[in-house]
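Work the whole structure out from these sequences, hints included.
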Amino acid sequence: MTHDLLVSTIAKLGAKLDRIVITKLEQNTFFAKLVLQIDSRFEEVDARPSDSIALALRAKARIFVEEQVLTRVSNNLE
94 MTHDLLVSTI AKLGAKLDRI VITKLEQNTF FAKLVLQIDS RFEEVDARPS
144 DSIALALRAK ARIFVEEQVL TRVSNNLE
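Per my numbering, the sequence shown starts with residue 94, numbered consecutively.
There could be a bad hint or two in this list.
Said to hold, decoys possible - Cross-link-like lysine-lysine pairs, in silico, DSSO-like; alpha carbons within 30 Å at most:
(1) Lys126 - Lys153
(2) Lys105 - Lys126
(3) Lys126 - Lys109
(4) Lys109 - Lys153
(5) Lys105 - Lys153
(6) Lys153 - Lys117
For the record, the hints were derived by calculation from the structure and aren't laboratory data.
Now the structure itself:
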């Protein structure tokens with residue numbers, strides 16, 4: 094699968110998927126970032142939330158959601 098290939102590629106390049114972050118919600122569309130660790134520095138890459146979550150699960154990386162996203166979503170539940 095494509096997600097397995099990307100996890101493998103990240104590792105071969107000497108990086109690690111540290112975490113993903115669901116960063117915002119605009120017009121009913123979620124946005125996310127991959128946070129890659131390369132040695133002692135971190136790089137962020139924009140990605141679709143669905144791909145980000147799939148990669149995080151395969152790489153056993155942490156999944157975060159920005160507080161403003163949680164607030165907006167929880168307000169819609171009430």
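- [ ] For the pair supplied as a hint, Lys105 and Lys153, confirm whether the alpha-carbon distance does not exceed 30 Å.
- [x] 16 Å, holds
Task: Restraint check for Lys109 with Lys153, where alpha carbons must lie at most 30 Å apart - done: 10 Å, holds
Open item on the list: For a C-alpha distance cap of 30 Å, please report whether Lys126 and Lys109 respect it.
Closed with: Distance of about 14 Å is within 30 Å: holds.
Open item on the list: Tell me if the straight-line CA distance from Lys126 to Lys153 falls inside 30 Å.
Closed with: Status holds; Cα separation ~16 Å.
TODO: For the pair supplied as a hint, Lys153 and Lys117, confirm whether the alpha-carbon distance does not exceed 30 Å.
DONE: 22 Å, holds
Open item on the list: Between the alpha carbons of Lys105 and Lys126, is the straight-line distance 30 Å or under?
Closed with: 20 Å, holds
Checked against the numbered hints above, the structure violates none of them.
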